[in-house]
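Number of protein chains: 2
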Amino acid sequence: MNAQPKAKLDLPPLVAAARGLPTPHTPVWIMRQAGRYLPEYRKVRAGTEFGALTRTPELAAEVTLQPVRRFNLDAAILFSDIMVPVEGMGVDLAYAPGPVIASPVRTMADVNKLRPLVPERDVPYVLETVRRVRAELPAHVALIGFAGSPFTVASYLVSGKPSKEFATARAFVQSEPAVTKALLDHLADSTADYLRAQAEAGAQALMLFESWGGLLGRNSFAQIALPSVQRIIAKLKGVDVPLIYFANNCWTVLDLIAGLDVQVVGLDWRGSLAQARTVLGKDKTLQGNLDPAALFAPPEILERSIDDVLADAGSNGRHIFNLGHGIWPETDPDAVARLVDHVHARTARKA
Amino acid sequence: MNAQPKAKLDLPPLVAAARGLPTPHTPVWIMRQAGRYLPEYRKVRAGTEFGALTRTPELAAEVTLQPVRRFNLDAAILFSDIMVPVEGMGVDLAYAPGPVIASPVRTMADVNKLRPLVPERDVPYVLETVRRVRAELPAHVALIGFAGSPFTVASYLVSGKPSKEFATARAFVQSEPAVTKALLDHLADSTADYLRAQAEAGAQALMLFESWGGLLGRNSFAQIALPSVQRIIAKLKGVDVPLIYFANNCWTVLDLIAGLDVQVVGLDWRGSLAQARTVLGKDKTLQGNLDPAALFAPPEILERSIDDVLADAGSNGRHIFNLGHGIWPETDPDAVARLVDHVHARTARKA
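Read top to bottom, the protein sequences are chains P and E. For the first sequence, the working numbering gives the first residue as 1, with consecutive numbering after it. For the second sequence, the working numbering gives the first residue as 1, with consecutive numbering after it.
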């Protein structure tokens, strides 16, 4: 047997797991953990419009911290929205409740009007939120910064509004390949700068949400979405925090994702982590992937579903527990408490 | 080399391809080919509400035949809706435009109130439409009948309305396993009778749309959706028409689907048919799977995308060309003509 590397006690378990280092337990957090299922969140939102909340560090920090106060979570994730940096690029958008763009981006002139993001100038409130949260978080709780993938953000910019299938955006990338490439390049460069600024402000992991890349076919994903992600990763060289790539509904392209230089791949609930491991290899940490619906089952069924995910994750420690998608607003917070505590209890390493 | 079986000239190419027999070309049809992208369809719809259209054989037959008159398609598919048999079971529903259920089905009492479907009594207009279309179709054009999978239909019955994620239905199957099983058993039995009646009325292939089963995680798919599909297949033993199972967004459970006793598996556009072939084996015919967005590309790019699908389908003849999802209303009908003719030209077998 090889000697096992020692746990670095100063690293939060989530960061250690992301780097393949030993941890006292499998770290756990929940996508959209700061959200409408929490009464304390609804209370803040009752007085504040969503966009204003993302631009007010005091309130954004408060809702970021709410779930960490209530549950034994191993991470907080910045409360913000993937469209916030786009506002910083000069795009006029509103949340209704999904992002609605006054003038969708559809021509080369539209792309050229987008300002390259200078985070401290254009979105100072995000960086201030990161600093405030980091200052208040216990040392063992990691702070995760994030951004949307270029294709995902472009889907909203082109469509002008949320959409089930993003037909407008998907038709656009077929009919306007040159504009698409210019748009994705711009978004990739600004997103890299945005993520680096979050790390410099105190984020200890960075997550890139590929929410809609899975709507592309395999060839289009390879030709359109993937190069823009690679561009971000290349520009982040030297930023010493782990990258988490959330590959939503991307099971058919996991073999392509396996080649990305990221430490963690987040998986949705549709497949098993054992399937993902087969394709992604043993050198990446997997994040996920309990079905958000499982939180509606009776406690013993929920615990069995959690155990299934833990079994599929394997025993090499390269696992960060999460849901496979954002938590639903109708979820009972007590089920979340049960989940977090069960994951910790089941995975506590013997001394 | 083995001797190749001879083409049966009396079989429509689609039926031959479904059975693994030689065909003069790769057969092609388009999901939602009778639909809003056709001006002649919009003209009929302008005067008739959707539900009334499904219940009026003269009009339903007319819109079923419209795309066959315009394009060299190898199949017509019955114009109807997956919720039509549910109306026959006594459920009060409207289309607005998706199905809206006045009283969602959520208790054992609700399930017990569902009438077992007797097709000639409860949905005679569907069978009359099948007979009318079959009488008018050229012999080489196959008529496809269809139904929704039990889980898919149940998703609407439980939710009461269309939904992006069907959170209500997915939470329901977790919290109410006994009611779920009773509902799916009822739907499976009635669906089998419904499909058999369509075959007896003249449908030459039967398609089961698993539109929402892919929203279940792998374990839930295996425990909930799959047994109800197996139940239908078992009840259809002796019905001598090929079965097509449309496995929408089911790439993580294709290995389970490989075990189904169906002749054809329909695939969505997310993965490649080559990937599907690896899992499904050589003894099933694959149907699909061009991205509906590809129809918005310039002609030479569209043709390249079609060629990619044909290459991925392989050369063993077990392929029915289709889109990977329903055609979008914004599609140019001329692109469809180009697609159909290109598939035929590229795959014409030498005598």
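In case anyone wonders, no lab produced these hints; they're calculated from the structure. Accuracy of the hints is not assured; some may be wrong.
[Said to hold, decoys possible] The list that follows gives simulated cross-link-like pairs (lysine-lysine, DSS-like), each with its CA atoms no further than 25 Å apart:
{"no.": "1", "chain 1": "P", "residue 1": "LYS161", "chain 2": "E", "residue 2": "LYS282"}
{"no.": "2", "chain 1": "E", "residue 1": "LYS164", "chain 2": "E", "residue 2": "LYS181"}
{"no.": "3", "chain 1": "P", "residue 1": "LYS113", "chain 2": "P", "residue 2": "LYS235"}
{"no.": "4", "chain 1": "P", "residue 1": "LYS237", "chain 2": "P", "residue 2": "LYS181"}
{"no.": "5", "chain 1": "E", "residue 1": "LYS164", "chain 2": "P", "residue 2": "LYS164"}
{"no.": "6", "chain 1": "E", "residue 1": "LYS113", "chain 2": "E", "residue 2": "LYS181"}
{"no.": "7", "chain 1": "E", "residue 1": "LYS284", "chain 2": "E", "residue 2": "LYS235"}
{"no.": "8", "chain 1": "E", "residue 1": "LYS181", "chain 2": "E", "residue 2": "LYS161"}
{"no.": "9", "chain 1": "E", "residue 1": "LYS164", "chain 2": "P", "residue 2": "LYS161"}
{"no.": "10", "chain 1": "P", "residue 1": "LYS164", "chain 2": "E", "residue 2": "LYS161"}
{"no.": "11", "chain 1": "P", "residue 1": "LYS284", "chain 2": "P", "residue 2": "LYS237"}
{"no.": "12", "chain 1": "E", "residue 1": "LYS161", "chain 2": "E", "residue 2": "LYS113"}
Right, here's what the structure says about each hint:
1. P:LYS161 to E:LYS282: violated, 43 Å
2. E:LYS164 to E:LYS181: Cα-Cα ~23 Å, so holds.
3. P:LYS113 to P:LYS235: Roughly 22 Å between the alpha carbons, so the hint for LYS113 (chain P) and LYS235 (chain P) holds.
4. P:LYS237 to P:LYS181: At roughly 22 Å apart (the allowed maximum being 25 Å), LYS181 (chain P) and LYS237 (chain P) satisfy the hint.
5. E:LYS164 to P:LYS164: Given that 25 Å is the threshold and the Cα spacing comes to 7 Å, the pair holds.
6. E:LYS113 to E:LYS181: holds, 15 Å
7. E:LYS284 to E:LYS235: Given that 25 Å is the threshold and the Cα spacing comes to 20 Å, the pair holds.
8. E:LYS181 to E:LYS161: holds, 20 Å
9. E:LYS164 to P:LYS161: At roughly 15 Å apart (the allowed maximum being 25 Å), LYS161 (chain P) and LYS164 (chain E) satisfy the hint.
10. P:LYS164 to E:LYS161: Judged against 25 Å, a Cα distance of about 15 Å means the pair holds.
11. P:LYS284 to P:LYS237: OK: LYS284 (chain P) and LYS237 (chain P) at ~17 Å, within 25 Å.
12. E:LYS161 to E:LYS113: holds, 19 Å
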